[in-house]
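Visitor: Heads up: the protein sequence lines correspond to chains A and U, in order. The working numbering applies: residue 15 is where the first sequence begins, and numbers increase by one. The working numbering applies: residue 15 is where the second sequence begins, and numbers increase by one.
Warning: the hint list may mix true and false statements.
Put simply, identical chains are the same to the list, so a pair is met inside one copy or across any two.
What the hints assert, rightly or not - Computed list of lysine-lysine pairs in DSS-like fashion (alpha-carbon distance at most 27 Å, straight line):
id	residue 1	residue 2
1	Lys150	Lys116
2	Lys19	Lys150
3	Lys119	Lys36
4	Lys150	Lys63
5	Lys19	Lys63
6	Lys36	Lys19
7	Lys19	Lys84
8	Lys116	Lys84
9	Lys84	Lys119
10	Lys88	Lys63
None of these hints come from the bench; they were simulated from the model.
Number of protein chains: 2
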Amino acid sequence: MSSEKFSFKPIGFLYTPFTNPKTTPIQPLYDNDLEGTLEVNEEYVEGLKDLEGFSHIYVIYQPHATGRPKLRIKPLMQNVERGIFATRAHRRPNPLGLAVLKLEKIEGNILYVTGVDMLDGTAVIDIKPYCDRFDKVVNARGGWTQSCAEEGE
Amino acid sequence: MSSEKFSFKPIGFLYTPFTNPKTTPIQPLYDNDLEGTLEVNEEYVEGLKDLEGFSHIYVIYQPHATGRPKLRIKPLMQNVERGIFATRAHRRPNPLGLAVLKLEKIEGNILYVTGVDMLDGTAVIDIKPYCDRFDKVVNARGGWTQSCAEEGE
C-alpha cells in the first residue's frame with residue numbers, strides 16, 4: 015500500500031467570534047448557536063449550487079497551529095488521558111477538524127452558519143451536505159463522553 | 015489569509031469487499047451492513063485507546079483516483095447536475111471522503127466496522143468518535159436528496 019502524502023488547499027475561510035486561541039473552545043460541550051460566516055473562494059462558488067436546500071452541512075477544516083501531535087491527550091476539562099482517536103482534540107496525526115453546522119442561508123460566496131466553535135480565520139478544506147440517510151445515527155453509544163454528559167445533566 | 019497547502023499521510027487503510035472501482039458504490043443509497051476492517055498503522059495504535067466505547071466512528075479517507083475535480087456533477091443515478099459541495103461525490107477540489115461507520119470491535123490495530131462503501135485498500139486520514147452531542151441532527155432538511163428518498167420510498 016502506498017503511504018504517499020496528500021496535499022490540500024483551502025477552499026475558503028471561517029469567520030467566527032473567536033479571535034483568541036486561549037479562550038476558544040476546542041468543542042462546545044452542548045449545542046451552541048454561535049453565528050459565523052464561511053466565505054468560499056470565488057473560484058469554487060459554482061460548486062455551491064443546490065447546497066442551500068440542506069439545513070446542515072459538514073465542514074472539514076484545518077485547525078490553527080495545534081502543536082506536535084500526541085497519541086494520548088486529556089480532553090478539555092477532563093482528568094483522564096484518552097487515545098487521540100477517541101477524542102475530537104486537534105493534536106492528531108493529521109490535524110483535521112470536523113463540525114456539523116446549521117446552514118442559515120447562502121449569499122453569493124458567503125454561507126451564514128450557526129454552531130461555530132473554530133477560531134476566526136480557520137481554513138476550510140471541504141463542505142459536504144448532511145444527509146439523514148448516510149449520517150443519521152440512532153442509539154449511538156458515546157464511550158467516555160457518555161459519562162461526562164451524565165455528570166453534566 | 016494564508017492559502018498554503020496542507021499535507022497529510024495515511025494513518026491506516028480500509029479493507030472492504032469492493033475491489034472493482036467500476037462496481038463500487040460511491041455511496042450506498044440506504045443503510046448498509048457491509049463489513050470491512052480498518053487497519054491502523056502500528057505507530058498510531060496507542061491513539062485507539064478508549065475508542066471501543068463508541069458505537070460509531072467518523073472515518074475521513076482519501077478516495078482512489080477520482081479524476082480532475084468538477085464543480086458541477088450528476089450524482090449517481092441522477093440526471094440533474096448539482097454543485098459538487100451539495101453532493102458527496104469524490105471529484106471535489108479536495109477529494110476527501112467522510113463516512114459514519116458502525117464500530118463492532120477493535121483487536122490490536124484492527125477495527126472491525128460495518129457500513130463500508132469504499133474501495134478495498136482506501137487510505138484513511140483520520141478517525142473520530144461519533145458523539146450525539148456534537149453530531150446528532152434532529153429534523154435535518156435534505157435538499158435535493160430528499161426528493162430522491164421520497165421517490166425511492
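Visitor: A separate judgement is required for each hint: does it hold in the structure or not?
Guide: Each hint, compared with the structure:
no.	hint	in the structure
1	Lys150 with Lys116	both (15 Å within a copy, 12 Å between copies)
2	Lys19 with Lys150	neither (31 Å within a copy, 32 Å between copies)
3	Lys119 with Lys36	neither (30 Å within a copy, 37 Å between copies)
4	Lys150 with Lys63	both (23 Å within a copy, 25 Å between copies)
5	Lys19 with Lys63	between (31 Å within a copy, 25 Å between copies)
6	Lys36 with Lys19	between (31 Å within a copy, 25 Å between copies)
7	Lys19 with Lys84	both (19 Å within a copy, 22 Å between copies)
8	Lys116 with Lys84	between (31 Å within a copy, 25 Å between copies)
9	Lys84 with Lys119	between (37 Å within a copy, 23 Å between copies)
10	Lys88 with Lys63	between (41 Å within a copy, 12 Å between copies)
Taken one by one, the earlier hints fail for this structure at numbers 2 and 3, listed in ascending order.
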